[in-house]
Amino acid sequence: QQPVQSPQAVILREGEDAVINCSSSKALYSVHWYRQKHGEAPVFLMILLKGGEQKGHEKISASFNEKKQQSSLYLTASQLSYSGTYFCGTEVYGGATNKLIFGTGTLLAVQP
Amino acid sequence: EPEVTQTPSHQVTQMGQEVILRCVPISNHLYFYWYRQILGQKVEFLVSFYNNEISEKSEIFDDQFSVERPDGSNFTLKIRSTKLEDSAMYFCASSFLDRGNTEAFFGQGTRLTVV
Numbered sequence: 002q003q004p005v006q007s008p009q010a011v012i013l014r015e016g017e018d019a020v021i022n023c024s025s026s027k028a029l030y031s032v033h034w035y036r037q038k039h040g041e042a043p044v045f046l047m048i049l050l051k052g053g054e055q056k057g058h059e060k061i062s063a064s065f066n067e068k069k070q071q072s073s074l075y076l077t078a079s080q081l082s083y084s085g086t087y088f089c090g091t092e093v094y095g096g097a098t099n100k101l102i103f104g105t106g107t108l109l110a111v112q113p
Numbered sequence: 003e004p005e006v007t008q009t010p011s012h013q014v015t016q017m018g019q020e021v022i023l024r025c026v027p028i029s030n031h032l033y034f035y036w037y038r039q040i041l042g043q044k045v046e047f048l049v050s051f052y053n054n055e056i057s058e059k060s061e062i063f064d065d066q067f068s069v070e071r072p073d074g075s076n077f078t079l080k081i082r083s084t085k086l087e088d089s090a091m092y093f094c095a096s097s098f099l100d101r102g103n104t105e106a107f108f109g110q111g112t113r114l115t116v117v
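As they're listed, the protein sequences go chains A and B. So in the working numbering, spot 9 of the first sequence is number 10, and the numbers just go up one at a time. So in the working numbering, spot 72 of the second sequence is number 74, and the numbers just go up one at a time.
Calculated from the structure, these hints are not laboratory results. Incorrect hints may appear among the rest.
[What the hints assert, rightly or not] In the DMTMM-like style, the derived pairs of lysine to aspartate or glutamate whose C-alpha atoms are separated by at most 25 angstroms in a straight line are:
1. A:38 / B:5
2. A:27 / A:54
3. A:27 / B:61
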């Protein structure tokens, strides 16, 4: 089952914050976050493994609520370079190898 | 920085023709994957490959598809008889481990257009 992301799209001004959510109907082993710019490959941002884990990468951080089968990506003080489509990729328990099921995607546009 | 490379970047083919998409994964990686992305849609898992055999495949990966690691460096995806709906961006990815704290590195993709 494909994870559902919300919102589908968000428009920000530089310096504003955004939260992107990823929800799964299945128990999650891990959540991977990727950003994809138009016409390019997805670029890895971070992995969250344990329930309650939080990670940060510059001004982008994420949390993983294993019980709720959810993850959230937090972008603070957004920059123009943050524009792109954000995908969560989920690994479910019982799945073999690093089979990522990607979410529906969230289009983020940061304007000057 | 090591990267996954894919060739060609664009491929146009006639319906019914066979195509082979090529990938060179990162050299010390052990797990290889193909994903595809139809224009404007999400990235979809096709197949994973380890130790010279398929580990897992999705419903999309039917008998028309095959993968091969013909030598120590290349990883290929073959579509035997292409259909219009095979038009998509195909991404190859590789990782060192299969689970855990390991990221999948994606190549730049091959845009396949079936006419």
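To see whether the hints hold, each was checked on the structure:
no.	hint	result
1	A:38 / B:5	holds, 17 angstroms
2	A:27 / A:54	holds, 18 angstroms
3	A:27 / B:61	holds, 18 angstroms
When the structure is compared with the earlier hints, no violation turns up for any of them.
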